[in-house]
Amino acid sequence: MSSSIDEIQDQVIEEFQLFDQWIEKYEYIIELGKNLPGLDDQYMRDENLVPGCQSRVWLHAELKGGKAVYAADSDAIITKGIIALLIRVLSEQPPEKVHEAELYFIDRIGLKDHLSSTRSNGLVSMINKMRTVARDLSKIA
Amino acid sequence: MSGKVTSFRKFDVEKIRNDFPVLHREVNGNPLVYLDNGASSQKPKQVIDRMTRYYEHEHANIHRGVHHLSQRATDSYEQVREATCNYLNAASSREILFTRGTTESINLVACSWGRHFLKEGDEIIISTMEHHSNIVPWQMTCEERGAKLKVIPISKAGELDMEAFQNLLNERTRLVSLVHVSNALGTINPVKEIINLAHQCNALVLLDGAQALPHMKVDMRALDVDFYAFSAHKMLGPTGLGILYGRESLLDSMPPYQGGGEMIERVTFEKTTYNELPFKFEAGTPNIADTIAFGSALEYYDEFDQDELIAHEQDLLAYAGQRLSQVDGIEFVGMARDKAGVISFNLKDIHPFDVGTILDQMGIAVRTGHHCTQPLMDFYGIVGTVRASFAFYNNQTDVDALVDGVEKASAILL
Ligand SMILES: Cc1ncc(COP(=O)(O)O)c(C=O)c1O
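Those sequence lines, one after another, are chains A and B.
Residues 33 to 173 in the working numbering are what the first sequence spells out, letter by letter.
Residues 4 to 417 in the working numbering are what the second sequence spells out, letter by letter.
Here chain A stands alone, though its shape is the one from the complex (with noise of 0.2 angstroms):
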């Protein structure tokens, strides 16, 4: 069986405090960003963009074989690398544990500023989309 929404947050909370300085978690954090492959190019169109004023989000989702499967990118690497952690926790799930899923990895590894709608990274409204995505597609699965 493959893990659930909370046992990869565990594991991404665990791999977090090897970290003792802020730098390393950044540059762990860029190096997800530049290894997340992104979207391709028929996704990167205006319905998928995801609203934020600063960094822009692209969002693709799909159901397959009764799972909900994201796909995105962003033009800013810090927040593509936040992406990276979203996707590995939430994506490949059952569309209805998406939508009920308690995202607390975000604040256990100290990012959590990132999600303040302040910020207007995209990334919050992100994690809505995700959300509300995984709602719709529970329905037809």
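Be aware that one or more of the hints could be misleading.
[Said to hold, decoys possible] As a list, the in silico DSS-like pairs of lysine-lysine whose alpha-carbon atoms are at most 25 angstroms apart:
no. : chain 1 : residue 1 : chain 2 : residue 2
1   : A       : K66       : B       : K411
2   : B       : K411      : A       : K144
3   : A       : K66       : A       : K161
4   : B       : K18       : B       : K220
5   : B       : K48       : A       : K57
6   : B       : K351      : A       : K66
7   : B       : K18       : A       : K57
Hints are computed from structural coordinates only; laboratory data are not their basis.
Since the structure of chain A is provided, determine the placement of chain B with the ligand on it from the hints.
What follows is chain B with the ligand alone, placed relative to chain A:
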């Protein structure tokens, strides 16, 4: 020159920093390095104390009560109008209107003057480097009145194309509305020359001075400008207060902007007559406390020889420019010969948001993004910049911290 006291306070940046309580706090475990003065300046304790004293001992509504407090508050409030008039060397305090900020000051002119005087086919000139506050109000008014908005192009260095400006000026030009100092680039525009050229065509000139007054004194009569708009919060004063200077004859000819209390002379259901200047344009209970505290901001500036403040800022700017130019991947945006207070840059094609995030971790406050100048960013073909903006209370340590931060950002992001 006026016969004012000429013994200035000695310019000592470390002593000055002691007047600004917030400069002694930490952010993310580091001493705050505040380089977002273009967005809003910090406040000296003289201004903060004045506001507290007002609320603790002096508050009442103004222009209406016969009682002691009301009269005292009215006096304090009107004294600041007088002080602002002197600070700007305007001809009369009737030319000083209090608003909510630069944005409202420009909207006041666009609504009152624009709706009343603009006709179909008339033209208004702005420039590529305007803040949205000096674009959108004119788009709205032009659309309503059938007038046209013309845009002065700029060079890559971020300077107005003066030849193109002269070609745009014609007998249909009614107003030239320009930023005095660009918030995104720091460019100081040749406003005296622009005013002379516009006046030769019988066009009026409005200057958006939001970023000018924090860095220089501006003399309304010497400039011979028609309207001048700025915000208190960018020049040591409280938020929520702006000023609109307007030539008296012009303001007199303009209809009120908002209706309500204070702005009337006599109200009946048949007809209302309006109060005289400046009250005609100040409907409702104004921002009393902030206005009174703004008076202390002006007094604070006047403690110093302005030339020393300017020289210090120019030194910082030169030092920052020289040190930052050594950083791997740095690309400056805006290299005008005449600049004030601002260094805008990118690290190659790294998103400015990423650079700002790294700097924030180190306690360094800069602005990232389009700075409310999207057409300008489009002109440069970028999404935004990282902007460090200086005030006279910044020091070399701030610049060193910035350079250190940008070097780190460059090392991990590039
Ligand atoms: C050049 C310029 N114009 C207008 C404004 C708007 O000022 P306010 O938001 O105080 O109305 C600003 C401030 O961001 C500015 O920098």
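Which numbered hints does this structure break? Going through the list in order, the structure violates hints 5, 7 and respects the others.
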